[in-house]
Each structure stands twice: as structure tokens, then as C-alpha cells.
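Protein chains in written order, with our numbering: chain A, 1 to 175; chain B, 1 to 244.
These aren't lab readings, by the way, just hints derived from the structure by calculation.
Misleading hints may appear alongside valid ones.
[Stated by the list, open to error] Facing chain A, from chain B, some residues (calculated, C-beta under 8 Å):
id : residue
1  : S6
2  : T15
3  : Y80
4  : P85
5  : L88
6  : E90
7  : S128
Just so you know, even glycine gets a beta-carbon here, dropped at the ideal spot from N, CA and C.
These are the residues of each chain, in order.
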Amino acid sequence: MFGRPFAELKRPASGVGAVPEASDLHPGRTGRDHLRVLACVAGVRPRRVQEMLTVVDLAAATDRRIASYSLGMRQRLGLAAALLGDPELLILDEPANGLDPEGVRWLRDFLRAFAAGGRSVLVSTHHRSEVALTVDDVVIVDRGRLVVDAPLSELVTESSSLEDVFLELTEAPAR
Amino acid sequence: MTGQLSSELLKLRTTRTLAAIVLAGAGPTLLGTGIEGLSPTLGELGQEETQRSIFSAAGSTAVLFSTLAGLLMVTSEFRYGTIRPTLLFEPRRRVVLSAKLAAAALAGVLLAAICEAIAFGAGSAILSAREIDVALTATHVVALIVGPITAAVLGAMLGVAIGTLIRNQAAAIVALLGYAFAIDAVLFGAAPSVGRFLPGKAGDALSGLPAHDLLTPGAGAVVLALWTLVFAAAALVRSDRSDV
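Full structure from sequences and hints, please.
See below:
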């Protein structure tokens with residue numbers, strides 16, 4: 001990461017914000033406390049906890065226990081945690097899972113704005129149509145093998161969608 | 001390290017687990033004190049040894065429940081997956097483990113202090129209700145206060161190490177309780193001269209319990225500290241090498 005092993009980064013949370021699993025939350029803790037626990041380590045000012053909860057639209061649920069959160073709320077709380085350290089790079093795994101249509105739209109706009117600020121977002125997902133609306137570059141990995149690493153504009157043409165490209169490249173030759 | 005320690009202490013304060021463990025520890029302490037205080041005859045109750053048994057109910061309870069608290073501090077992170085954000089924010093495993101050991105030690109102090117307050121409160125109340133004077137010397141009282149705190153601190157750190165070694169929460173709890181209630185007692189019963197060096201019995205030696213087969217409190221502290229050190233070293237190796 002940034003030319004050195006992740007464990008050697010001085011302030012890892014300011015380098016990388018990652019949400020590997022939306023369910024990595026203690027159900028007995030409140031959303032606010034989940035962020036406070038991490039904010040202590042990231043060395044960010046306490047006000048940032050509330051700011052990030054507001055950014056992901058969880059301000060109304062901050063003092064509720066996570067056990068009562070929907071999957072979409074958990075996704076957004078995970079994102080808020082990843083954003084705490086104001087990272088250069090966001091790594092998200094299936095971030096749209098559990099989000100309602102407004103939530104998906106919000107996430108898309110948010111990630112675009114984040115990237116427009118000169119930072120990077122790496123999203124791993126199976127939602128190809130969503131990817132086509134969001135990303136600049138596509139990496140396709142099939143059975144552990146890198147199949148494509150190219151700008152979206154080079155892959156998608158008027159006659160072939162990202163899904164077509166994906167299926168064509170990942171179809172087993174024997175079939 | 002300071003940030004990680006604050007984080008670990010905040011983790012303890014923001015779920016109900018520690019409060020539940022304190023409550024769970026308060027019950028047996030009160031029960032133990034009550035049994036030891038109400039069952040002896042008035043004549044026995046005046047004896048210093050009987051009184052040490054009454055007030056030492058805090059020790060064995062505090063060490064078991066603080067070990068449980070330490071164990072849950074680690075295994076709940078694996079159970080709920082919060083270990084991933086924890087390590088994303090502080091990827092140096094040793095810093096995380098050290099902070100957990102330190103936070104557990106503080107939790108041990110708290111647990112022992114509460115159990116002692118209960119044992120001393122209930123024990124004194126029983127003695128005064130039965131109109132018996134306290135026969136303990138100042139040395140005994142100091143040992144009854146310092147011993148359980150030392151045992152609980154070491155026990156909590158041992159719990160963190162056990163939780164790091166056995167990440168599965170249910171398996172770790174079963175292992176701890178199985179050890180505490182079966183293996184420890186059976187081995188000690190079969191061969192006290194060897195069994196007293198086991199972690200559970202070393203902890204009992206610190207509780208101020210007047211049992212003649214146990215180590216002295218000082219030796220008990222050293223033996224329990226060595227067990228804790230061995231387990232913590234193994235935990236360090238495991239935490240450095242294992243994926244989460």
C-alpha cells in the first residue's frame with residue numbers, strides 16, 4: 001500500500017478505508033460507539049464521528065444498538081468507519097448489498113464525488129450494471145485469474161454492454 | 001499504543017458484557033461468603049482461619065470471572081468480525097494484543113475490587129450479626145485485598161491469551177470452564193504437590209484461602225505470572241502468524 005507493507009503505514013486509517021464485510025459490527029454496541037472505538041485509534045477528533053454518521057445518513061440512529069440496524073444501515077455504518085481517517089483509498093466489498101434504490105443512488109454519487117476529489121475507490125462486486133454506471137476502470141478476475149484490466153470506455157461499446165464483455169471473457173472455453 | 005488502549009477500554013464500556021460478568025461474579029461471591037459465614041458454629045467463627053475462608057470468597061470468583069472477561073474481549077472480536085476493523089485501524093498485531101492485555105488487567109482490578117467489597121461487606125455483616133469480633137490481623141487483611149487483585153489481573157491477561165489461542169468463543173468458554181471445574185480440581189485432588197502449581201490453584205493461593213496444600217500467596221503469584229507469561233507468548237506467536 002503506497003509503496004510499503006500495510007502494517008508499516010504511519011496512519012493506516014488515513015491511507016486506506018476498507019469495508020471487507022458489512023457485518024463486522026458488535027450488535028450490542030451503538031453505531032456511535034462503534035465509530036468512537038475506532039476513532040480513538042485513528043487519532044481523529046471526536047467531532048468527526050458525528051460528521052461521518054451524518055454523511056452516511058445515520059444521524060437519527062446513532063444511539064441505537066447495531067442489533068436493530070438493517071443490512072443497509074450496517075453497510076452505511078461500515079462506510080462511515082472507513083471514512084473516519086479521511087483515507088486516500090477506499091476499498092469496498094459489495095457496498096450496495098442491502099441498500100434500497102435511493103441508497104444505491106446515494107452510494108454511486110458519493111463514490112463518484114470521493115473519486116472526483118483526486119482519491120481512489122476500489123469496489124469489488126458482482127453487480128455489473130451498477131459498475132457500468134459508477135466506475136472508470138474495470139478489473140475482471142475469473143477463478144483467481146486476471147482476465148481484464150482496462151478503462152470502462154474501452155470495454156463497453158454501443159453494441160456490447162459490460163455484462164456481454166464479462167460473460168464473453170469468463171465463459172469456459174469448453175462450453 | 002495509547003490510542004489502542006483507549007479503544008480497548010471503550011470497547012469494554014460500550015457493551016453490556018463486562019457489567020454482566022460483574023453481576024455474574026457478584027452472585028457466587030455473595031453465596032460463598034454466606035455459606036462460609038453462616039455454616040460454622042459460633043466457636044469456629046471466632047477463629048482467624050474460619051474468618052479468612054469467609055473473606056476469601058472474592059478471590060476464586062474474581063480470578064475465574066476475570067479470566068472469562070479477558071477471554072471474551074478477544075473471542076467476541078472474532079465472533080462478530082470486529083477484529084477486521086480493529087486490525088485495519090491498527091495493523092500491528094502486537095500493539096493490539098498488548099492493549100488488550102493492559103485493558104484486561106484494568107478490568108481484572110475492577111472485578112476483584114467489586115468482589116472484595118461484596119465479600120468484606122457481607123462477611124462483616126454476618127460476623128456482626130452473630131456478634132463475633134473480627135480476628136484478622138492487618139497482614140491478613142492486606143493479603144485478602146492484594147491477593148485477589150493480583151490474581152484477577154493475571155487471570156484477565158491469561159484470558160486474553162487463551163482467547164487469542166482459541167478464537168472460537170464457545171470452544172474457548174467450554175475449555176476454560178472444563179479446566180476450572182474439572183481438570184484443575186481432579187489433578188489437585190490426585191496429586192496436590194504437583195496440582196498446586198496449576199494456574200487455578202496458584203490463583204486460589206492468592207485468594208487468601210487458608211488451605212494447607214496450596215502455595216504461599218507470594219509463590220502463587222509467581223507461578224500464576226509464569227503461566228500468564230507462557231500463554232501470552234504463545235498468543236503473541238499465534239496472533240503474528242494467523243490470518244483473520
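Now for the hints, and whether the structure bears them out:
At its closest, the beta carbon of B:S6 sits 4 Å from a beta carbon of chain A; the interface hint therefore holds under the 8 Å criterion. Interface hint status for B:T15: upheld, as the beta-carbon distance to the closest one in chain A is roughly 4 Å, under 8 Å. Among the interface hints, the one on B:Y80 holds; its C-beta lies about 5 Å from the nearest C-beta in chain A, closer than the 8 Å criterion. Hint status for B:P85: holds, given a least beta-carbon distance of 6 Å to chain A, under 8 Å.
Given hint, B:L88 at the interface with chain A, holds; its Cβ is 5 Å from that chain's nearest Cβ, closer than 8 Å. Of the supplied interface hints, the one on B:E90 holds, with its beta-carbon coming within about 5 Å of a beta-carbon of chain A, less than 8 Å. Interface restraint check for B:S128: the shortest CB-CB distance to chain A comes to about 40 Å, outside 8 Å, so the restraint is violated.
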